[in-house]
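Chains A and B are the protein sequences, given in the same order. Each residue of the first sequence is one higher than the last, beginning at 10 in the working numbering. Each residue of the second sequence is one higher than the last, beginning at 2 in the working numbering.
It should be emphasised that the hints constitute simulated quantities derived from the structure, not laboratory data. Honestly, I wouldn't trust all of these hints.
[Said to hold, decoys possible] Calculated pairs, DSBU-like style, for lysine-lysine (alpha carbon to alpha carbon, straight line, at most 35 Å):
{"no.": "1", "chain 1": "A", "residue 1": "K23", "chain 2": "A", "residue 2": "K66"}
{"no.": "2", "chain 1": "B", "residue 1": "K101", "chain 2": "A", "residue 2": "K23"}
{"no.": "3", "chain 1": "B", "residue 1": "K71", "chain 2": "B", "residue 2": "K52"}
{"no.": "4", "chain 1": "A", "residue 1": "K80", "chain 2": "B", "residue 2": "K101"}
{"no.": "5", "chain 1": "B", "residue 1": "K52", "chain 2": "A", "residue 2": "K66"}
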Amino acid sequence: NAGVTQTPKFQVLKTGQSMTLQCAQDMNHNSMYWYRQDPGMGLRLIYYSASEGTTDKGEVPNGYNVSRLNKREFSLRLESAAPSQTSVYFCASSELGNNYGYTFGSGTRLTVV
Amino acid sequence: GQQLNQSPQSMFIQEGEDVSMNCTSSSIFNTWLWYKQDPGEGPVLLIALYKAGELTSNGRLTAQFGITRKDSFLNISASIPSDVGIYFCAGRETTDSWGKLQFGAGTQVVVTP
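Given the sequences, and given the hints that come with them, work out the whole structure.
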């Protein structure tokens, strides 16, 4: 049981390049999330998808787009990468409702030079 | 933005010592969760709390849901080297019908032999 799988684990981009971070979960969860983690700032929500077919902005959505491809997959796209987007990105999933925690992937470490 | 205040920001402790950290919110929560993040990995759920006053243990870890429903604490007893990592609190507001989690900024724990 893999849980939440993120690819790639590491990526270096040049300013202005684009890329898509992939996330897939095999727990049949309805909800999926993208977070970024920066030193001293904890986890900040970029976008989330409460259920298949819906996506909503989180706390820091600027510069990102997402696609909920199906129930399993939720991708995060950087159209024109900027150095400020250097961070560790985590995907997570959960069941819908108030009694569930999130299951996190192992992260993608992105550096924009 | 983030409404959870987690303290302390970091702790340097000796092996065998007890550790205590806490989290406070500006609003009433109906769920408190504690996560641990090992270096290079995603956060993993340690303890979940759902009722005011609830005290729950997981091995050497004990967490409590504050009576006011605006705080929670986590204790680690007799720390060992593998306790090193970042500990995050997370919670859900009672007014958030969908149940999105908010995260604290984390407590970095360093254990010295």
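Okay, the hints, checked on the actual structure:
no. : hint             : result
1   : K23(A) x K66(A)  : holds (25 Å)
2   : K101(B) x K23(A) : holds (33 Å)
3   : K71(B) x K52(B)  : holds (12 Å)
4   : K80(A) x K101(B) : holds (18 Å)
5   : K52(B) x K66(A)  : holds (29 Å)
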